[in-house]
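J.: These are the residues of each chain, in order.
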Amino acid sequence: MRKFLRRFVSDYKEYFLLIILSIISLSILAQNEKPAAKHLKSIALGNFALLNEITNSFVSIFKSDESRDDLRNENAHLMLELNRLQKYRAENEELRSMIAFKDTSMYPLIPAKIISKLITKTQGNYIVNKGFNYEIRKGMPVINDKGLIGLIMDVTENYSVVQNLYNSNLSIAVTIQRTNVDGILNYDGNNLIIKDIPTTYDVQIGDVIETSDFSSLFPPSIPVGKVLKKESNVLGLLHTVTVMPFADISAANNLFIIKIIPSKQINQLEMNLIK
Amino acid sequence: MKIQYIKPILFFIPLAVIQLVIVPLISISNIAPNLVFVLIAYFTLRRGQIYGTILGFILGFLLDIISGGLIGAYMFSFTISAFIVGYFYGENKIDINLSTYFLLFILFICGSINSFLFAVVSSSNSNLSLFFMMLEEGILPGFYTALFGLPIVIFHPKEGI
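Here the protein sequences come in this chain order: A and B.
Numbering of the first sequence is given in our numbering, commencing with residue 1 and proceeding in unit increments.
Numbering of the second sequence is given in our numbering, commencing with residue 1001 and proceeding in unit increments.
Treat the hints with care, as some may be off.
Heads up, simulated DSS-like pairs for lysine-lysine below, C-alpha to C-alpha not over 30 angstroms straight-line [stated by the list, open to error]:
| hint | chain 1 | residue 1 | chain 2 | residue 2 |
| --- | --- | --- | --- | --- |
| 1 | A | K38 | B | K1007 |
| 2 | B | K1093 | A | K13 |
| 3 | A | K13 | B | K1007 |
Quick partial rundown of chain B residues pointing at chain A, CB under 7 angstroms, derived from the structure [unchecked claim]:
| hint | residue |
| --- | --- |
| 4 | L1020 |
| 5 | V1021 |
| 6 | A1032 |
| 7 | G1048 |
| 8 | Y1051 |
| 9 | I1065 |
| 10 | I1066 |
| 11 | S1067 |
| 12 | F1076 |
| 13 | T1079 |
| 14 | L1098 |
| 15 | S1122 |
| 16 | S1123 |
| 17 | L1130 |
| 18 | M1134 |
Derived from the structure by calculation, the hints contain no laboratory data.
We put the beta carbon where it would ideally sit given N, CA and C, even for glycine.
Sequences and hints are given; from them, build the entire structure.
T.: In structure tokens form, the structure reads like this:
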């Protein structure tokens, strides 16, 4: 029997190896949020990101965009301010003071540079050159001078991982600026979409989409994009709205991290939802 | 770790940097080649299925922890796809596999499987259709990856063919 087993294992050792390694991989995949896995990732990311940063600085010689950092910073502030003013125009000021609108432009912005990107169709991630030492924390929103980029998902001493809008695991509470229609923005692998908006709601092509007051991950009124098209489902009761982001997510290079610490408890709950 | 695994890991370090820093610049609509997979396929076709499967597992793990993605996603996809590449291995076919355009075919098929598996295990979005994932997450990155096998075909010494 033992001989038979030994021969069996020997004959099919490739398959046994494959099964064992696959099971280990999938087990590790399921343990991603465990502190040990995060610690390991922090060490590897922190060390290897240095190599990426050096290479990126070399590549940046050909891009030469360092001198524009201040202008981009100012532009990002102006973008937030402009959006806030547009909102003021669209709504009754008295009503807004009653609901105590949270001003996003008052938060300090920390400039950061992308040093590497993980490019896949559904897993948009960046590694940026600012981390714990710059008071970056998990859950901080990331923007550029055009609009929302994503969310800080992991932080090491000097580097952070940003989950961008082109990541199918990221869901964002958004609102249509003109009509205050709320929805959840997702990436479907091809487009940013907001699903299941009743057709009776007023949604027009070109409407500006911004982060919602209901989101505790993001401060309200950060511009996200504009409505590119809307399609109704078979019964004609619900719309799926396609959103074109203001920020060029794929070509982004310089970012700003909004230094906002969201409510710990709510943040914990929401971060758990997007794991 | 056996000494024979050191060489691919040494190749892996610069390739991983290129994968994370340079490759995004040449990606088309978020479709990017996977240079690390080309490395794994190359060594699998030289040294066999078991070697390739273990190498895929190790390099997948390393790429996972340095890329900031999910740990285990590349591990899984590289392990399976390297195992499939291993079916093309033959002691007498090493030169044919590496010096002819058949390598591009191998890279296309196995690269597509690799990208597809990565998308399946790393995406939690149930809205993605299987057709979409096969085409845009499988075939297109697989095709792009295969193009990066061309330098191997061109520069690999064509002995005994």
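J.: For which of the previously enumerated hints does the structure constitute a violation, in increasing order of number?
T.: Structure breaks hints 7, 8, 14, 17, 18.
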